[in-house]
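Peer 1: Using the hints, put the two chains back together into the complex; each one sits in its own frame.
Residue numbers (the working numbering), protein chains in the order written: chain A, 14 to 168; chain B, 86 to 212.
Since the hints were derived computationally from the structure, they do not count as laboratory data. You can trust all of the hints, since none of them are fake.
The calculated label-pair distances, taken between Cβ atoms and stated as ranges, are:
#	chain 1	residue 1	chain 2	residue 2	range
1	A	F147	B	L121	17 to 27 Å
2	B	L206	A	V140	34 to 44 Å
3	A	G71	B	G192	25 to 35 Å
4	A	V137	B	G192	32 to 42 Å
5	A	A45	B	E101	23 to 33 Å
6	B	K178	A	C165	52 to 62 Å
Predicted model only: the values in this text are computed from it and were never measured. Glycine included, C-beta positions come from ideal geometry on N, C-alpha and C.
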Amino acid sequence: MATPTIETPRSGRVSPGYSRTPGSRGNFEMIAWLFMRISGAILVVLIFVHLYVNLVAGDGITGIDFGFVAGKWASPFWQIWDLTMLWLAMLHGTNGIRVIINDYAEKNSTRMWLKGVLYTSTVVIVVLGTLVIFTFDPCPVIDGVAHVADYCPAP
Amino acid sequence: MPKTLSPTGTLYRGREGQWSWVAHRITGVVIFFFLLVHVLDTSLVRVSPEAYDAVIASYKNPIMGLGELGLVAAIVFHAFNGIRVILVDFWKKGPKYHRQMLWSVVGLWAVVMIAFSIRHLSHVFGG
Ligand code: HEM
Ligand code: HEM
Numbered sequence: 014m015a016t017p018t019i020e021t022p023r024s025g026r027v028s029p030g031y032s033r034t035p036g037s038r039g040n041f042e043m044i045a046w047l048f049m050r051i052s053g054a055i056l057v058v059l060i061f062v063h064l065y066v067n068l069v070a071g072d073g074i075t076g077i078d079f080g081f082v083a084g085k086w087a088s089p090f091w092q093i094w095d096l097t098m099l100w101l102a103m104l105h106g107t108n109g110i111r112v113i114i115n116d117y118a119e120k121n122s123t124r125m126w127l128k129g130v131l132y133t134s135t136v137v138i139v140v141l142g143t144l145v146i147f148t149f150d151p152c153p154v155i156d157g158v159a160h161v162a163d164y165c166p167a168p
Numbered sequence: 086m087p088k089t090l091s092p093t094g095t096l097y098r099g100r101e102g103q104w105s106w107v108a109h110r111i112t113g114v115v116i117f118f119f120l121l122v123h124v125l126d127t128s129l130v131r132v133s134p135e136a137y138d139a140v141i142a143s144y145k146n147p148i149m150g151l152g153e154l155g156l157v158a159a160i161v162f163h164a165f166n167g168i169r170v171i172l173v174d175f176w177k178k179g180p181k182y183h184r185q186m187l188w189s190v191v192g193l194w195a196v197v198m199i200a201f202s203i204r205h206l207s208h209v210f211g212g
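Bound conformation, chain B alone (with noise of 0.2 Å):
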């Protein structure tokens, strides 16, 4: 067994390959620890329907807002992506695609992104 495991180099290629794997990596991780919290929060309807609106309302603030848009943007990229790697794996011209398709993946996140942030900051910021 080598003591150290130090590759010579890179083995990875860098570019949108590597940049959307680790993109992929980071909002997997970030969209796990939300959900361990959310099911803990809205566990709180057994609790008492006051506990449970109170934890609520704090959720309507605007700096939980922007963290709401943030997670959403997470979860809208893991997803998009997520199928792109499904069609990478399964479709035949997938690999040779798989760079367009990326671009495809953050041009439909950003239009997604557009037209939800209008409408939940409205809700937030809105009377």
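Chain A with its partners taken away, still in its complex shape (with noise of 0.2 Å):
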């Protein structure tokens, strides 16, 4: 059996049938793929140096618990740092799963859900992990209990 011919997807010569999308959705295929690989080049650094903070430096995972976030976070260096890698990593997933949904899903009204599914649960991660970087509080006063630390003040 002959081996089937397949088309470069630019050429023009792609059946009509094939195409969900008429026209041209710009450049925004290219952007996409372009960010894919810039934000994968950047996230190496950012995921290897959290894992190895976390998990190897120190007593690893038996070493984390709120005083450990708190010194972490006392510090602006660690919050970009946690910043960055929230919406670099988020984006750059949230694209990822938009791809495999649209070669998988193929009826137009399950890739429509699919996609406003994820699209909410990003937007929710988003703003979510942001606002605990942001108001994070190492000291706090719950039910006008204060918590008790070295580094807080004596209530």
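Peer 2: Structure (structure tokens):
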């Protein structure tokens, strides 16, 4: 059996029956493709350092508690680090899942629903994560009871 | 619009190229869902120190310890293979050496994972 010939996507010889959206969507897919590569390269550094500091150095996973997080977020350096990691990883992951949905969900309505759920979760997680970093309080007073730690003022 | 979209034969060539793509896709999805949960559990620092510590304590038991090993294995593969994909796309000789680069990815991944497993498991199981 002869190998089927597959035209390159931009050749203009692709049967219109295989095209979901009429006309061009501008440069969006190219920008998304480029973004996956640029964000990926930056994420390697961000995530590997995150895993090293939290899982390998010191007491590793056994050393993580509220005080550990307070110690890190006392410094704007780690706040910005985590913020960048949050945004880049979420956008990179969301775009990756968008591509996967486009690949496997063939019905228009299924794709629309899945992407609706995806984009909603992304917005919720990115907003929540951002708020958590910037509203973090190392010495909270809950129901009138102050948190006790050596870095907090004595009540 | 054709009713069924069944290709005759396989459109892919199999072997290293296709399998690394399958692994890249699966690890990407796994990391994404972990990250959703991870931001939720971290957000407990805004509820109370006790709530955060209670949930994080469950990450320290041996079963979760093995789960963390799996997560790190997925991340390290996705990261190294992602660099390989970037090299295939942007480096002149990338497509020619894509197969050799995959074996380098697998080799580097094994070295990192052996070192990490020793360190992490001694934290999880050690006193
Ligand atoms: C088992 C492995 C991991 C552990 C134990 C861990 C632990 C932590 C801890 C303790 C924090 C609090 C702040 C800090 O330490 O910087 C945090 C925050 C964060 N981690 Fe991880 N992490 C792990 C894996 C990952 C991975 C693989 C990613 C990326 C995909 C990631 C992304 C983040 C982000 C974005 C934040 C900030 C969350 C927020 O804005 O509320 N973490 N992690
Ligand atoms: C550690 C650094 C990372 C690097 C170097 C990296 C690299 C890449 C690259 C280059 C692609 C595009 C593949 C292609 O177009 O064929 C990609 C896809 C993807 N990435 Fe990442 N990535 C990283 C981290 C992450 C994280 C943290 C997540 C999840 C939050 C993630 C989820 C995905 C997903 C779901 C895809 C789509 C897979 C597909 O279409 O088959 N990646 N990654």
